[in-house]
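Given chain S, put chain C in place with the hints provided.
Number of protein chains: 2
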Amino acid sequence: MKLSIPQGTRDFSPEVVRRRQFICNTIQKVFEQYGFQPIETPAMENFSTLMGKYGEEGDRLIFKILNNGIHDPKNIEKSKAAFENILTGKNDARLTERALRYDLTIPFARYVVMHQHEIAFPFRRYQMQPVWRADRPQRGRYREFWQCDADIIGSASLINEAELMCMYQAVFQALGIGGIQVKINNRKLLAGLAACCQAEDQFTDITVAIDKLDKIGWEGVEKELQQRGLQAGQIAFIRQYLDVQGAGHEELLNNMQSLLASSELAQKGIEELREVLAVHRILAEENEYGNSSITIDPTLARGLNYYTGFIVEVTTNVVTMGSLGGGGRYDDLTGLFGLKNLSGVGISFGIDRIYDVMDELNLFPETVQSGTRILFVNIEPKAQTTVLQYITMLRKAGIAAEYYVDGGKFDKQMKYADKRRIPYVGIIGEREFQEGCIQLKNMETGMQEKLSPDMLLEKIQ
Amino acid sequence: MKLSIPQGTRDFSPEVVRRRQFICNTIQKVFEQYGFQPIETPAMENFSTLMGKYGEEGDRLIFKILNNGIHDPKNIEKSKAAFENILTGKNDARLTERALRYDLTIPFARYVVMHQHEIAFPFRRYQMQPVWRADRPQRGRYREFWQCDADIIGSASLINEAELMCMYQAVFQALGIGGIQVKINNRKLLAGLAACCQAEDQFTDITVAIDKLDKIGWEGVEKELQQRGLQAGQIAFIRQYLDVQGAGHEELLNNMQSLLASSELAQKGIEELREVLAVHRILAEENEYGNSSITIDPTLARGLNYYTGFIVEVTTNVVTMGSLGGGGRYDDLTGLFGLKNLSGVGISFGIDRIYDVMDELNLFPETVQSGTRILFVNIEPKAQTTVLQYITMLRKAGIAAEYYVDGGKFDKQMKYADKRRIPYVGIIGEREFQEGCIQLKNMETGMQEKLSPDMLLEKIQ
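Just so you know, the sequences run in chain order S and C.
The opening position of the first sequence corresponds to residue 1 in this note's numbering, with each subsequent residue numbered one higher.
The opening position of the second sequence corresponds to residue 462 in this note's numbering, with each subsequent residue numbered one higher.
One chain only, chain S, in its complex shape:
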């Protein structure tokens, strides 16, 4: 029998779990300091909750769960009828009522609507849970992966945007990832751009094309815009917009303002960027982050089309890796579920990519592997009670301690300590037992010393 796990999923071994926990704990600490509260939602949602929220492609990539009891005699006719539907590519709740969570945003919106009467708005929530997508697995893309989101819903103030930018800076500083760029833009500018070249109807086409600039270059974008029916003059204007430059934020914003002068919406977007930057300056100064890592990026579009204002994306220039996080403002997310007029803004951290960057750059602190501190080898049966007492004493003092209970060859026991990277080994042979002392071996230096029991705790703390 060949044992395996489903394609695109992963087992996490102890070292990996600890490193991932380090990332999650670091992010969680920042979320908490900024007043965000944790929620959790079920892995399964009603398929009807998810359907139609991620575009046609998204619907296809949702994992559906087969109802139980579909072969019960009382259900069998319904099941057959439903299967006919499914074979035509439709969904049918008679066979698949439930589906696995595809992201954390839609479940969050669903949560807010269902719990609206118990929530104190503005609601600052964070959520760190796995999501599942039936995408073709490839390097860095998994079918089970973790999302880590912080959102504020029910507040239109742009101070939120500035705080979220600081949270990115705080997290990546705490993780030790250098070369961080926090790129910001505003979808109102992109809508204004569409308006300026009389292509309001093609706003989505334009953003989707611009979004690919990084990957396919201007030639690719130009070709896509042509295919989507934009005229040469319109395309030239879009090119002009993407090329806008400026020495410093203010000059860049002024140049955009001139270029998009004919669109009121664009002017509003520029004003918002100015305000966000002004608030961020106050926060960043106090935080000593500075604003050198903040870039206004007119080409930033963010594919997902529920964003309506501020958008943000974080990259590092230290290694080649896509964005480590992103987010933006959405004006009517809960409107999907019938709760209107709640503006929200949120950011997301890509745990898997952050992990890969930190792994590549060797940024995980040694202390992350905080496992067992001392292993007592088992070579002298008479010493068993003594060892059990020492171990208990150490554990009570908060020190992780282990006994190699099975005994056997000394070498085998040392090998175990080595493989587990346990920093100290305690040895009580016959002589130590008679003398009431311990040989303590430092596994890193190889040094060994004889200690009285009361020295032990102090030594390995």
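No lab work stands behind these hints: they were computed from the structure.
Some hints here could point you the wrong way.
Covered by chain C, per the in silico footprint, the following chain S stretches (three or more residues, Cβ under 8 Å) [claimed, not checked]: (1) 240 to 253; (2) 275 to 285.
Heads up, simulated EDC-like pairs for lysine to aspartate or glutamate below, C-alpha to C-alpha not over 16 Å straight-line [what the hints assert, rightly or not]: (3) S:415 - C:579; (4) S:80 - C:538; (5) C:551 - S:72; (6) C:463 - S:97; (7) S:396 - C:533; (8) C:873 - C:841; (9) C:857 - S:118; (10) C:857 - S:285; (11) S:396 - C:493; (12) C:880 - S:118; (13) C:857 - S:32; (14) S:419 - C:579; (15) S:396 - C:538; (16) C:539 - S:84; (17) C:857 - S:286; (18) S:183 - S:211; (19) S:90 - C:533; (20) S:80 - C:545; (21) C:876 - S:118; (22) S:396 - C:746; (23) S:268 - S:331; (24) S:78 - C:545; (25) C:870 - C:841; (26) C:541 - S:77; (27) C:541 - S:84.
We put the CB at the ideal spot given by N, CA and C, even for glycine.
Okay, now just chain C, sitting in the frame of chain S:
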């Protein structure tokens, strides 16, 4: 549109998440102190990995995931054929290759076999993840619930058993749950019992019946044993076994030893219990737990039939609630996947029930709700920069702080602080702004005092 989540699943609101985290963190700390390492496995497993491992009933309760692309033209014929199979109650990988994790034990066995060459044995692992079962939901029974397991695999020493018993004591002491009873037994005694009454073949029937003693009483057990074909003499002997008494562990063990004298296996089980208790006595003494909470319970059977030696179950007599945890030794778990001769022993904590007990007894410490410590109201636009600076200063000092960015009516802002149970509110009105000070309101006492900014941190720390 009526919004809902699937039956038997739950949203966890911030207060609940924090309480659950308190439980999990407490358990995790004990696991780590005893040298256990965390692993995580995917939510989805190949259905073939799970199938047949949980009995017929279990197979039926596994949530299966519909393959994607079953309606692709190239798959459609296969899909139809597979559906015919499914309608007869079979599983067919052409439609459902994957399924949701049903427990943590089988994925753990699968993990050990797949990673055997990188693991340092004995392998002490812990795992805290949700599992899914298509059981009929009822009070305290969910379709998505959390398991929390610690196992040692690759070690036959009974010291492990004693350590696991101490871990139960340590966790429940740390959680503050009183009236804990750690009941232990050994399946070798039950096998010996079957042998003593010439019913070796009906070992499973006997254990399954005995396992229900709590719920259905002796009359129920007797009836079930009769139905399963046991003779009056055999049943009388079983009754005798279940009634064994003794003042203290040693006397009880002696009485069992006499009763089951004809079974070598039973003698072995009794010896094992003696040894476990002897080791536990050493550990418990040092830990000051004592052994008054330890009971030998001849009627303890544990339904799951992969246990082969020591078994354990924890209850509290403070509230009416089923077991809060249980476990035991299994001699050949990984044998299911072709890796023979690895003995293991493990325990499990029932997070949901522990939560319910703690909630009912009001045992969660106040500090669990460690959210925002101070909210600054927004009533004076001129003070905005000052407030943002204070907030940043506090956050840098590790204090969770929030600004009511949207402003609006003072009452509304205070209500928000109240609803969120934020202990302090910072007020900077025009006068405070001019004077460079802060009004700090203690939301519990209602007291308000004027502070200089450098007093603030000290005051609310």
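Now for the hints, and whether the structure bears them out:
no.	hint	in the structure
1	240 to 253	violated (count 0)
2	275 to 285	holds (count 3)
3	S:415 - C:579	holds, 13 Å
4	S:80 - C:538	holds, 15 Å
5	C:551 - S:72	holds, 12 Å
6	C:463 - S:97	holds, 15 Å
7	S:396 - C:533	violated, 60 Å
8	C:873 - C:841	holds, 15 Å
9	C:857 - S:118	violated, 31 Å
10	C:857 - S:285	holds, 12 Å
11	S:396 - C:493	holds, 12 Å
12	C:880 - S:118	holds, 9 Å
13	C:857 - S:32	holds, 12 Å
14	S:419 - C:579	holds, 9 Å
15	S:396 - C:538	violated, 63 Å
16	C:539 - S:84	holds, 14 Å
17	C:857 - S:286	holds, 9 Å
18	S:183 - S:211	holds, 13 Å
19	S:90 - C:533	holds, 12 Å
20	S:80 - C:545	holds, 9 Å
21	C:876 - S:118	holds, 13 Å
22	S:396 - C:746	holds, 12 Å
23	S:268 - S:331	holds, 15 Å
24	S:78 - C:545	holds, 14 Å
25	C:870 - C:841	holds, 11 Å
26	C:541 - S:77	holds, 15 Å
27	C:541 - S:84	holds, 9 Å
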